[in-house]
Amino acid sequence: MLHKTWRRVAIATAGLLALSLTTACSEDPGESTDLSENRVGAMASYGIGDQFKATEALSFSTLYNNHTFYPLKEDWLFWSELTKRTNVKIEPVAVPLSDYEQKRSLLIGAGDAPLIIPKTYHPQENAFVSSGAILPVSDYLDLMPNLKDKIAKWNLQPEIDNLRQSDGKFYLLPGVHEKPTQDYTVLVRTDIMEELKLAVPKTWDELYTVLKAMKAKYPNVYPYSDLFSKPNPTGALLNILGSAHGTQAGWDYQHATWDPTAKKFTYTGASEQYKQMVTYLHKLVAEGLLDPESFTQTDDQARQKLANGKSFVVTGNAQTLVNNHRPDLAKTLPNAKMAKIPLPIGPAGEINPFPRLENGIMISSKARESKNFVAMMQFIDWLWYSDAGLEFARWGVEGTTFTTDASGKRTLNPGVDFLGLNPKAPKHLQKDFGFQNGVFAYGGSPDLVRGFFSPEELEFQKVMDARKPRVVPPPAPLTDEEREQVSLWETPLKDFVTQNTLKFALGQRPLSEWDAYVAELKAKNSDQYIELVNKAYERFQKDNG
Amino acid sequence: MVILGTKTDAPKTRGPDDSRGYRVFRVVNTVVLIGVVVVTLYPFLNIVARSLSEEAYIIAGKVTIVPRGFDLTAYKLLMSDALFWTNYRNTVVYTVVATLISIVLTTCYAYVLSKPQLKGRTFLIGVALFTMFFSGGLIPNYVLVTSLGMKNTIWAVVVPNAISVFNLLVMKAFFESLPSELEEAAAVDGLNTYGTLLRIVLPLSKAIIATMVLFYAVSFWNSWFTAFLYIDRQDLLPVTVYLRNLIAGATDAQQSGAAAADVVQAAATLQAVTIVLTTLPILAVYPFVQRYFVRGVMLGAVKG
Chain R
117 MLHKTWRRVA IATAGLLALS LTTACSEDPG ESTDLSENRV GAMASYGIGD QFKATEALSF
177 STLYNNHTFY PLKEDWLFWS ELTKRTNVKI EPVAVPLSDY EQKRSLLIGA GDAPLIIPKT
237 YHPQENAFVS SGAILPVSDY LDLMPNLKDK IAKWNLQPEI DNLRQSDGKF YLLPGVHEKP
297 TQDYTVLVRT DIMEELKLAV PKTWDELYTV LKAMKAKYPN VYPYSDLFSK PNPTGALLNI
357 LGSAHGTQAG WDYQHATWDP TAKKFTYTGA SEQYKQMVTY LHKLVAEGLL DPESFTQTDD
417 QARQKLANGK SFVVTGNAQT LVNNHRPDLA KTLPNAKMAK IPLPIGPAGE INPFPRLENG
477 IMISSKARES KNFVAMMQFI DWLWYSDAGL EFARWGVEGT TFTTDASGKR TLNPGVDFLG
537 LNPKAPKHLQ KDFGFQNGVF AYGGSPDLVR GFFSPEELEF QKVMDARKPR VVPPPAPLTD
597 EEREQVSLWE TPLKDFVTQN TLKFALGQRP LSEWDAYVAE LKAKNSDQYI ELVNKAYERF
657 QKDNG
Chain D
11 MVILGTKTDA PKTRGPDDSR GYRVFRVVNT VVLIGVVVVT LYPFLNIVAR SLSEEAYIIA
71 GKVTIVPRGF DLTAYKLLMS DALFWTNYRN TVVYTVVATL ISIVLTTCYA YVLSKPQLKG
131 RTFLIGVALF TMFFSGGLIP NYVLVTSLGM KNTIWAVVVP NAISVFNLLV MKAFFESLPS
191 ELEEAAAVDG LNTYGTLLRI VLPLSKAIIA TMVLFYAVSF WNSWFTAFLY IDRQDLLPVT
251 VYLRNLIAGA TDAQQSGAAA ADVVQAAATL QAVTIVLTTL PILAVYPFVQ RYFVRGVMLG
311 AVKG
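Protein chains in written order, with my numbering: chain R, 117 to 661; chain D, 11 to 314.
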């Protein structure tokens, strides 16, 4: 008798344990599972490639970043066609682009935020997570078949995981790219290279020999004189040079760098890769190849040097090349030729450093209570993530704004201008139709993202596509308290790194003092910083791994 | 220039001051003040010159105070933008209405506070002073204005900052400096409080009121933040937000090298044109009010 009871207790305990274990392992269902009250207007079956159309007329308020170049117009074809296709009307809350972020914080803080909040760059959403004002969208991915499909098809899971917060969820629906589209690289005066019989440099070391040869021929010239000294000195050059060395510098400076072999984070500014990068930079300056004024001069000054033949190489992208440097040179040195070279390769190997996620959408938590919640998520999935939606947001309506030929290549209609493609056209794709709108068009496959690129730029991208994407670091989300602590450390650390990067590059501080510099970084809590990030990483692995 | 004039006129009437030392002072003073004039005038003239120049010269940094490659396309471009004019009209309307409301409220408040016999006077002054040092913060203000239903209306712009405490105190000091005998005489002749204010005090206060109008009008003309906070529709925004957005848009495109790079092309001149067009009206008003300006503030400042 007693024996039997014991056995029952044992079985019950084991059962309970098993039950609790399985629930612990499965995603926390919480309150989020029951969506039966939120399906008004939603399509009963909505899948990949389906045209979303709400079963009744709906409208969703949306924060709208109002661009100066194409100010919001109510008669845009974009609005009417969107309503025609989806039965949804977007009610824009227009905010001037100049202060978009401030207004967004205010509206969210005051509980007055629109349901859809686009144009949010990770990690801006972090600030709103703890207040509960924005929705953990990761719980609702099942409502978004196109997004799920793109994540799987394009292997974006590591990138997506990187968005996760300490609760294991993410709060931002990012713009997703199939391929990274690196635009910044080195722009070189090709006529000078031809004159000196130099081949296009493939690596940073080859670029060094090219600069060296230029210097030998024109001793009074600093061959490389760069733009972008603001907001941080030579941010663009450091950015591409850093990624080539397997670190992150300049515009892209991140305090923690993931070390895949050691499986932990290290402090970027103290790493061996960073030192290599600084050493290279110093070599350029010391041998008179890189203009020391690159770190301080205004963009206009650098432009003038290049235009007047006082320099031959700058950092830039297709826009700065086509809009600035080529017209400048055409006026001053008509025989000059300038081109983008494929991003030089460094010790990190052939990588394409550009991220594949871009700014995204936050959803107000209020939306979850709306009876149209499911319809809204389906709508977002269609407009921002379906092939048809992506094409619609960028190109507009077939026959009206563009045509597609047999091979699937899209062409702008002759009556529509964009980026000066049809300069005489009476209407503009953005200003008069509302397409190519930064609020609604992000991400996509290369044929969409690069639809308006010149053949020259497409050639450049072809070279870049052959390279591997950069390794995405694993998520290491901090808790609110940790984040507060870290933000106290970040500014002094970053300032110190920037300052010393410059000093080392300019030779004001000899590279032999590198160890002293690392020690000074430690005095500014770089070790504690990394410890915290590594702890967060391990915690996340344990909780969600 | 008016200030310079009074300074040089002064010694003629006062003989003893015409010493060597004073003459040296006058020379130094004139030179320094001309220097100040140049420094303050230069940026403005530069903007005017930019607005009339060709883009290429601006980028090349060749435009100082003389326009290069005279070009009016930016003016034509901006003036053909309907939104600019809508916002411009809004600014005019907001400024006029807001100044009117502010002047009425400030005058009434200041007049009341200037009466020593008023019960609870210290408390009322305290209430005003308190807002000078502490504010409820952005979000509570926003919630307040929104729940009052003023969002996206003119009232959100003209009501929240109607009384500037600094102006209120200046005005209060001015009213206190008026001889109380005047008001007593008015009372003997049968005027009530309102009559005294309207028929005796206000006609004597033209200088201070003109000054206040100037203070308020300039600040409302230049303000953009309140409108930015409480207005979500671009056709209700004042021209200052338009201007701000224009400048930010240009720098944004430059930094990101965004697809909208053609913005940058027109930007440098367009910015200058917008600045010129938005400053002109207030510049035109200034000289007419300025003669009251010095008198008004001084009158309030020196008591008794």
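Think of the hints as simulated: they come from the structure by calculation, not from any bench.
Here a beta-carbon is modelled for each residue, glycine too, at the ideal position from N, C-alpha and C.
Careful, some of the hints might be misleading.
[What the hints assert, rightly or not] Straight-line alpha carbon distances no greater than 27 angstroms define the calculated DSSO-like cross-link-like pairs of lysine-lysine that follow:
id	chain 1	residue 1	chain 2	residue 2
1	R	Lys313	R	Lys169
2	D	Lys72	R	Lys426
3	D	Lys161	R	Lys482
4	R	Lys391	R	Lys638
5	R	Lys540	D	Lys161
6	D	Lys72	R	Lys189
[Stated by the list, open to error] Derived Cβ-Cβ restraints for the label pairs, each shown as a range:
id	chain 1	residue 1	chain 2	residue 2	range
7	D	Leu134	R	Lys638	56 to 62 angstroms
8	R	Gly227	D	Phe140	45 to 51 angstroms
9	R	Tyr334	D	Val34	40 to 46 angstroms
10	R	Thr325	D	Ile44	24 to 30 angstroms
11	D	Ala294	R	Pro571	52 to 58 angstroms
12	R	Tyr334	D	Val47	35 to 41 angstroms
13	R	Arg442	D	Ile164	56 to 62 angstroms
14	R	Gly425	D	Leu43	43 to 49 angstroms
Structure versus earlier hints, numbers of those that do not hold, lowest first: Per hint list: 1, 5, 6, 8, 9, 10, 12 and 13 violated.
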